[in-house]
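*Asks:* Heads up: the sequence shown at position 395 corresponds to 624 in our numbering, and the numbers run straight through without jumps.
Keep in mind the hints are simulated off the structure, nothing from the lab.
Be a bit skeptical, because a hint or two may be false.
[Stated by the list, open to error] Here are the simulated DSBU-like pairs of lysine-lysine, each with C-alpha atoms no more than 30 Å apart in a straight line: (1) K654 / K623; (2) K541 / K375; (3) K832 / K719; (4) K597 / K677; (5) K373 / K358; (6) K358 / K547; (7) K303 / K280; (8) K654 / K541; (9) K243 / K303; (10) K623 / K689; (11) K719 / K677.
[What the hints assert, rightly or not] Across the chosen pairs, the derived CB separations fall in these ranges: (12) K386 / T538: 51 to 61 Å; (13) F558 / G656: 33 to 43 Å; (14) T683 / G656: 14 to 24 Å; (15) E693 / A520: 28 to 38 Å; (16) V367 / D298: 44 to 54 Å; (17) K386 / S348: 12 to 22 Å; (18) A377 / S496: 33 to 43 Å; (19) H381 / S496: 26 to 36 Å; (20) G656 / R289: 19 to 29 Å.
Cβ coordinates follow ideal geometry from the N, Cα and C atoms, glycine included.
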Amino acid sequence: MHNTLRNKNIRVFKLIFSTVLFFAISLSLYVFSQYQRITSDQLTRINDSHKQRLAFSSQRLSDVIEEVDDIIKKISTSPQIELFSQTPSSRNRTALENMFYFIVKNENVYSQIRYLDASGIELIRVNNKQNNIERIPVSQLENKSKRAYFQHAQALKQGEIGTWPVDIETENGQLMKPIQTSLRIIMPVYHLNARQGYIVINLSVNNILNAIEEMQSDTFITRFIDENGNLLASDKPSEVLGHLFSTDEQHNLANDFAVLWQQILSSDEGRLTIDSMVYSYTELGLSAVYAPLGKYILISSPTSSAYVTEQKQNLLTKAILLLLLLLGFCSYLFKIYNSHENNQMNQQLMEAAFNGIAGVIITDKRFKLVKTNQVFVRVSGFTANELIGESLAKLNLKFSQTEMVAIQRHLQTDNWQGEVMGTNKSGSEYALMVRIQVLRNSFGSVKKYVVTFTDITQRKQLEETLRNQSESDPLTGLWNRRKFDDELTKLNIFTKRYSNYQACLGIIDIDFFKKINDQYGHDVGDVALKNLASFLTSQCRETDIIARIGGEEFAILMPHTSLEQAEAVLNRLKQMIAHSELMQFTVSGGISKVQDDATLAFKHADIALYTAKAAGRNQIQAFDANSLEHSKKLTVIAPLNLKHANDDISIKQPVNL
C-alpha cells in the first residue's frame, strides 16, 4: 500500500514536473519574443522619430534663412533707410529704429540688428537679450571698423549678401552675458549708386535651436556641426564653439566620437548607435552664403525611454504572474492527493480569489484598512504594509467631508455604490467604480466594510476625449459655437457678479469669403479658415477664448479687457492680417462689452460687425449704444443689404493660401 502510494506520488511528480517544464519553456519563449518585439518597436519608433525631426529641423532652418534673406534685402532698400541716409534727422532715426525694433520683436531668431555707416561706426542698434528688446542710445554705439567682419563687409558688392562665421557676440570688447552665439549677415546699403553703409543682422543660433526644439522632447539633443566637426550650436551650451577657446575641454565631434564622425564624412545622412544613444544626421546643404551656419545637423536621443522601461517591467510582471499561476496550478494537482495539502491549497485559492480581477479593500468599522489585495496595490501605488492600519484618507480619494458623512449615513441602512476619483502614490489620477458592502454580526452591529472596485480610468479618459471632440470645430481645431455659447454665458455670469469686472466680445469675419470659394475652390477657402484660426491662436492671450462660430465667422472672448483695449487688439490683428503674405485677404470685426446679457452682447458685436462691413470692410467697429444706427439695428435686427458689396472690391492677387 505504501509502495503503491509512493509510486502514485512519483507519477504525479513526473506529470507536474513535465507540465511545469513545458509551460516554463513556452513562457520563456513568449517573454523572449515579446522582449524582442518591444526592442524592435522602440528602434522603429526612434528611427521614425529621428527622420521626422531631422526633416522638420532642416526645413525650419531653411525657412529661417529664407526669411532673414528676405528681411535684410527689404531693410537695405526700405524707404526708412533711404530717408535716414539722405537726412539723418531724429525723426528719420526713430522711424528706422522702430522698424528694427518690430522686426526683432516679431522674429525671435534675431539677437541684434544694426546700421553702420560706410566707415564702420554704428548709427542705430537694437538688441534682443533673452527676449528683452532694447534700443541702444547713441552714446553707447560703437566703432566696428577694426572688426574682421567689417573688413569682409567692405569687399561686398552692391546687392550682395555676405555672412561671417558663427562666433560669440561681444559688446564694448567684453563677451556678452549670457553667452550668445550668432551668425552675422551683412548687406551694403546704396543710394544713387553710392554706398551709404551696411545692414548687419545677428542671427542667434541659440534662438534658432530653440525654435526647432519646440517640436522636440527633452530627451532629444540637437547640434549644428561645421565641416571640421566643431559644434556651432547645441542644447548643451558647454559644447559650443570650443575651438574658439584655448581650454582643455574643447568639444569636437571628430575627437569625441571618431567613429560617428568618420561615418558622417562618408555619407550625406545616416544613423549610428553608440553606448545606449542613437545619433542621426543629415547634411544641411545650405547655400554658400549661409554655409557658415553649419554643414551637418545631428540629433541624438537615448535608445530607451520611460515608455519602453514600463513595457519591459509590465512584461516581467506578466511573466512572473503567469509563472506563479502555473506553479499554483501544478501545486494544486499534487496537493489534491492528501488532506493536509488540500487545506493549504484551499487557502491559496482564497488568496487567488482575493487577488483576482477586482480590487478589494477590507476595513474595520472606523474605516481603517485591515486588508487589501494586489490589484488595489497596483492601482494605488502603495504597498500593502503602507496601507494596513491607515484610514481611507491615506488613499487620496477625493471625498469631501460632506460626501463622507452622507456615505456613512447611507451605509447605516444599505450598501453604497458610486464613482470615485483619486490619485495614486506618484500623483497620477485614476477613476474607480466603488461598491461598499457592510458586514454585520448576529446582533446587527457593523464589524467590517468590504470595498470592491473596478478601474474605469480609461473609460473616463475616453468620455473626456469625446466631450472635447463635441466642443471643437473639426476643420480649425478651435472651439465650436456650442462651446462658445457656454463660455460666453460663464463670462456673463462673472461680469454680473462683479461690477468692476470688464470683458469684451469680438467677432471677426473674412471679407469676400464667398468670392474666395467661388474663384479658387472650397479647398482654398478651407486653407484660409485654418490659416486665420492658427494666426488668431498664436496672437491672442492664453486667457482669451477663440471659437469658430459659423462659416467664416470667428469670435474672441477677452476677459479682463476694456472696450478700448479690445478695439486696439482687433485693429492690430486686422493690420497684421492685411499685411500678411500667408493670408491674402482682409477681415472686418465688431466689438461689444459683455455686461448684463450674453445674448445682447453677441447682438451688439454682430451689429458692429455689419456696420464695419457696410463701411467698406477691412475695418473694426465697436458697438456704440448712443449711435442712432446701432440703436435702430438693436430694435429690429435685420440683415444689411450687401447684395452688390462684392462687386466693387476684389481680393488681393494672387491668393497664396
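*Asks:* Does each hint hold? Answer for all of them.
*Replies:* Hints versus structure:
1. Distance restraint check for K654 and K623: the Cα-Cα separation of roughly 10 Å lies within the 30 Å cut-off, and the hinted pair is therefore satisfied.
2. Of the pairs offered as hints, the one joining K541 and K375 is violated, with about 61 Å between alpha carbons and a cut-off of 30 Å exceeded.
3. At most 30 Å may separate the alpha-carbon atoms for a hinted pair to count; K832 and K719 meet this at roughly 17 Å.
4. Simply put, K597 and K677 have alpha-carbon atoms about 9 Å apart, close enough for the 30 Å limit, and the pair holds.
5. A C-alpha spacing of about 20 Å is found between K373 and K358, which places the hinted pair at or below 30 Å, so the restraint holds.
6. Taking the CA atoms of K358 and K547, the gap is about 53 Å. The hint is violated against a cut of 30 Å.
7. As the CA atoms of K303 and K280 are separated by approximately 35 Å, the hinted pair breaks the 30 Å bound.
8. Distance check on the hinted pair: K654 and K541 sit about 21 Å apart at the alpha-carbon level, within 30 Å; holds.
9. At roughly 89 Å between alpha-carbon atoms, K243 and K303 are farther apart than 30 Å, so this suggested pair is violated.
10. A distance of roughly 23 Å separates the Cα atoms of K623 and K689; the hinted pair therefore holds under the 30 Å criterion.
11. Between K719 and K677 the CA atoms are separated by roughly 45 Å; this puts the pair beyond 30 Å, and the hint is violated.
12. Take K386 and T538: their Cβ atoms lie about 59 Å apart, and the range 51 to 61 Å holds.
13. Take F558 and G656: their Cβ atoms lie about 38 Å apart, and the range 33 to 43 Å holds.
14. Distance hint for T683 and G656: a CB-CB separation of about 22 Å, consistent with the stated range 14 to 24 Å.
15. Checked against the hint of 28 to 38 Å, the C-beta distance between E693 and A520 comes to roughly 50 Å, which is inconsistent with it.
16. Distance hint check for V367 and D298: the Cβ-Cβ separation is about 29 Å, which falls outside the suggested range of 44 to 54 Å.
17. Between K386 and S348 the beta carbon distance is about 19 Å. The supplied range of 12 to 22 Å therefore holds.
18. Checked against the given bound of 33 to 43 Å, the beta carbons of A377 and S496, roughly 34 Å apart, stay inside it.
19. As the Cβ distance of H381 to S496 is approximately 33 Å, the hint placing it in 26 to 36 Å holds.
20. Checked against the hint of 19 to 29 Å, the pair G656 and R289 fails, with Cβ atoms roughly 34 Å apart.
Of the numbered hints given earlier, the model fails hints 2, 6, 7, 9, 11, 15, 16 and 20; all others are met.
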